[in-house]
Amino acid sequence: AQTVTQSQPEMSVQEAETVTLSCTYDTSESNYYLFWYKQPPSRQMILVIRQEAYKQQNATENRFSVNFQKAAKSFSLKISDSQLGDTAMYFCAFWTGETSGSRLTFGEGTQLTVNP
Amino acid sequence: EAQVTQNPRYLITVTGKKLTVTCSQNMNHEYMSWYRQDPGLGLRQIYYSMNVEVTDKGDVPEGYKVSRKEKRNFPLILESPSPNQTSLYFCASSFRNEQFFGPGTRLTVL
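Heads up: the sequence lines are chains A and B, in that order. With the numbering used here as the guide, the letters of the first sequence map in order to residues 5 to 120. With the numbering used here as the guide, the letters of the second sequence map in order to residues 227 to 336.
The following block holds chain A by itself, in its conformation from the complex (with noise of 0.2 Å):
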């Protein structure tokens, strides 16, 4: 079975600063594609970046970022010029298929508050 998971509950971030979400996971599967999901206080689901595994390099939209690291099992976050409209709840997500109905496996998620 896939698991995904969030270490940090909680984080927070001065405005303009650099943060970092961590994110593992556990998967048998070779290949497989993970997400960051957005859920500001509009409970609205916003996807955030998209990394597909057999792709080498890592995924960049705009100031969103991505560390895949495979052979460890990472996949973490960095928000780069941290603004007020980031504050969220952000999960992290990996699909392997539609074999499996199409289902996304998410982990715990991480609430981030970014601070003026």
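Incorrect hints may have been included.
If you want a taste of the chain A side facing chain B, the calculated C-beta under 8 Å gives, among others [as the list claims (entries may be wrong)]:
| id | residue |
| --- | --- |
| 1 | V23 |
| 2 | F68 |
| 3 | G105 |
| 4 | S106 |
| 5 | E112 |
| 6 | G113 |
Think of the hints as simulated: they come from the structure by calculation, not from any bench. C-beta: ideal position from N, C-alpha, C; glycine also.
Add chain B to chain A, keeping to what the hints say.
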């Protein structure tokens, strides 16, 4: 606009009173899922459907039912809700590795 809609967005009910949360998508996706979100547990899949009339259990199916009579709709049914089903519920439709989430339904069972 491509979207997944859920209704109601908020619901407070009492133990044992049957309820249905509706979910509809306009993207012609075959796959649809229901998740529940609880503090410290993230989101967990309740049920999923691979197409019309094809449904299967996810990780936490106890106390829930679903149906898929039309491709666009995937309602979640609680026949006899209990307080431990108080949660935030999300419907999602997906195409390959991309998931589209509804806005969520906050359910409180007293």
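Determine which of the earlier numbered hints do not hold for this structure and return their numbers in increasing order. 1 and 2
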